[in-house]
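Number of protein chains: 2
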Amino acid sequence: MGGDNAPDMVVRGAALSVAKHPDIKILLFGDKEKLSSLIKKESALKGRVELIHTSEIITADMKPSTALRGSKNSSMRLAIEAVKEGRADAVVSAGNTGAYMALSKILLRMLEGIDRPAITSVLPSLVGDVVMLDLGANVECSAENLVQFAIMGEVFARFVLNKKNPSVGLLNVGAEDLKGNSTIREAHEFLKTNKVVPNLYGFVEGDDFAKGTVDVVVTDGFTGNVALKSIEGTVRLVIGHLRKSLKKSWVTRLVSPLFLPILQLLRQRLDPRRHNGAIFLGLNGIAVKSHGGTDAFGFSHAVGVAVDIVNNQVNDRICAELKSSDRLAAAKRSSASG
Amino acid sequence: MGGDNAPDMVVRGAALSVAKHPDIKILLFGDKEKLSSLIKKESALKGRVELIHTSEIITADMKPSTALRGSKNSSMRLAIEAVKEGRADAVVSAGNTGAYMALSKILLRMLEGIDRPAITSVLPSLVGDVVMLDLGANVECSAENLVQFAIMGEVFARFVLNKKNPSVGLLNVGAEDLKGNSTIREAHEFLKTNKVVPNLYGFVEGDDFAKGTVDVVVTDGFTGNVALKSIEGTVRLVIGHLRKSLKKSWVTRLVSPLFLPILQLLRQRLDPRRHNGAIFLGLNGIAVKSHGGTDAFGFSHAVGVAVDIVNNQVNDRICAELKSSDRLAAAKRSSASG
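Read top to bottom, the protein sequences are chains X and G. Using numbering that gives the first Met the number 0, you'd call the opening residue of the first sequence number 0 and step up by one each time. Using numbering that gives the first Met the number 0, you'd call the opening residue of the second sequence number 0 and step up by one each time.
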C-alpha cells in the first residue's frame, strides 16, 4: 500500500515481475477490496498471487517511532513478518523509508557480525555499475560500521553483479591518506592493515562514482544520501537543459525528432527506474526499498533486485565470508576497538 | 606558478582578464625567466602587469604543514602577503588547495565574528545560480560554523549575484525537521529562532542544487566537497553518454554535426570553467582558488570572481551585516552555546 501511486502501481509492478521471473510467487499485503479488483485486471497475476488482507497502512508522513508502536496489522509490518517467519524470501515496499527501515531492523534483526544495516544500491558509471552504501540508514557511522559496509558491499558486487575481485573505495574529500575526518581514516587504516577486503583501492572522491573508479563505494548514510541525490538531480538537470537547447534554433527544432531516440537511449542508460531497488544490507532477511515515486516498471526492477539477492544467497555468502576468513574476527576486533 | 598547466595557463589567463576588466592591474609572482618570455607573447598584458620574481614554488603534493613552515619566498605566499599588506586587492591561485587555504588563514586571518573560512562557489541550476559553502575547508563543522556560513553565503548571494532576499537552505538527508545529525539540527534551530538570515528556507537535499530550490546551500566541507564532485562527475558522465549515443546509428551519425551546437550550448551552460573560482569566504582579505586543471579561460573566470568580490565590497558588507543587525550577537551567542 506504500508509494505515491499505490496500490495500482504495485499491482501492475507485481504483474510485470511474475512475467519476468517465471519461478516467483507474490504475496500482496493490503486492502482486499482495493487490491482484488486491480489484481483481476492483470491476467499475468492469475494463480501467481496470494492476497493477505489488512486495512491498516503506514502513511508516508508517519514517524518511525509511531510506526513501531502501533500499526501491528499494517501491510508493511505483515509483509516483513512474512520474511521473518519464512513464508516469503524477500519483502519489497515503496512505502515510508524510515518506518520500513525501523520495522525491518526490529523484526528481522542483524546478521551475525554486522551491527548496522546499510541502504545499498547500484549506480551507473561510464564503465559499469557501482555498488554504493550506505545511502541513508545511518546519519552517523563509526569506523567499524564502515568496515562492515565494505565487507557487505564487496560480497554484493562479487555475487550479484558477478564482478571478479571487486575493488572497494572509501568516499572522502581527497585521495591522499591524510585527508578526511578521523572516522574515515580509522576505517581505512583498519581495512588496510587487516586486509579485510581483498581488493582495497583506498580513498575515492565524489567524481569517482561517474568515472567508475571502483566497484564498491563505502560511505556514511549522510554523505551517501546527499551524493546519491546530487547525482540524480544532476542527471535531470542536464537532460532538462538538453531539451531546452533542442528548442533554441529553427535548425535544431527541425531536426530534433531525430534526436529523440538519443534522448531515449540516454534516459534508458541513466533511468533511475532501472536502478530502482535499494537493499537494506546486513539484516537477517531480504528487504528491498523501492522509490516511492516510481512506476510499475521501476517497482518490478526492485522486485528483480530482491530475486537476484535471494537466488545468489547474498546473506549466506556474507555470513560465510565473515566466518571462513579472518573477516569476522577482524570486524569484531574493529568492534572492540571502536 | 600553481596548477597543472602553469605558468603558461596563468599568464594567458591574466591576459584574458585585463582585456575583460579594463580597470585592473596584475601582479604576477613567479620565476622571472619563465614568466617574462610568456608575458612578452601577450600584447594585452603590456603596461598592465608587474612581475615579482621568486624561485620558490609550493608544489601540488606538498603538505600544508610543510608549506606553512618553509616556502617563505614561494610565489603563493608572496601573493597572499601582497593582499595582507594592501598592495593587492585580491589573490588568485590555481595551486595546492590545502597549502593555499592554510597560508591564507595564517596570513590574512579571519573576519571579526567569523571563526572558520568556507570555500564558496557558484553552481548552475535549472532556474539560476546557487551559492554553495563549505566545499572542503572544514571536514568537520560545528553548528556555529554553519550559522556563520549561512550569514556569509546570504551576503554573497545578495551583493555579488544581485539576488533580492536570497533564500538559505541547510543541506540534509531529509526535508523533515527531525532528520539529520544533531549539528545540523542545532544550526537550523538557531537560525530559525534567532532569525539570523531573513529568508531561511530550512533543510534541502542533494537534488535541490539542480532544482535551484534555494539561492544559498550551507553544508560542512566534507559533504559539500563530495556533493560538488558528484555533480561535476555526473555532468561529464551524461555528456560522455550523449557523445557515445550520437555514434550509435547511421541516422544519428549523419545528423550529429547538427547536434554539435547543442552540445556546445549545453557545455557552455554547465561548463565548469564558467563556474571556476572558489572564494575562501570569511578571511580578512580576498583569496580565490582556481581549479588546478583549468585553462586560461577558466582562470580568467576565477580572476573575474575576485574582481566582483572586490567591486562589491563583500567583506565590508559581511562585517556591516554582522554589526548592524542582531546577527553578530546571534553568531556570538551561537559561539558561546556551541
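To be clear, the hints were calculated from the coordinates, so they are not data collected in a lab. Be careful, since some hints might not be right.
[To be verified] For lysine-lysine, the following DSS-like pairs were computed, each having C-alpha atoms within a straight-line distance of at most 30 Å:
hint: 1; chain 1: X; residue 1: Lys19; chain 2: X; residue 2: Lys45
hint: 2; chain 1: X; residue 1: Lys210; chain 2: G; residue 2: Lys191
hint: 3; chain 1: X; residue 1: Lys19; chain 2: X; residue 2: Lys62
hint: 4; chain 1: X; residue 1: Lys62; chain 2: X; residue 2: Lys39
hint: 5; chain 1: X; residue 1: Lys162; chain 2: G; residue 2: Lys247
hint: 6; chain 1: G; residue 1: Lys104; chain 2: X; residue 2: Lys247
hint: 7; chain 1: X; residue 1: Lys162; chain 2: X; residue 2: Lys45
hint: 8; chain 1: G; residue 1: Lys19; chain 2: X; residue 2: Lys247
hint: 9; chain 1: G; residue 1: Lys45; chain 2: G; residue 2: Lys162
hint: 10; chain 1: X; residue 1: Lys178; chain 2: G; residue 2: Lys243
hint: 11; chain 1: G; residue 1: Lys191; chain 2: X; residue 2: Lys62
[Claimed, not checked] Only part of the chain X face toward chain G is listed, based on derived beta-carbon distances under 8 Å:
hint: 12; residue: Glu139
hint: 13; residue: Asn180
hint: 14; residue: Gly232
hint: 15; residue: Val237
hint: 16; residue: Asn311
[Claimed, not checked] Covered stretches of chain X (in silico footprint by chain G; criterion: 3 or more residues with CB under 8 Å from a CB of chain G, positions within the stretch not fixed):
hint: 17; segment: 12–26
hint: 18; segment: 188–194
hint: 19; segment: 297–307
Built from N, CA and C at the ideal position, the CB exists for glycine as well.
Determine which of the earlier numbered hints do not hold for this structure and return their numbers in increasing order. Hints 2, 3, 4, 6, 7, 9, 10, 16, 17, 18 and 19 not satisfied by this model.
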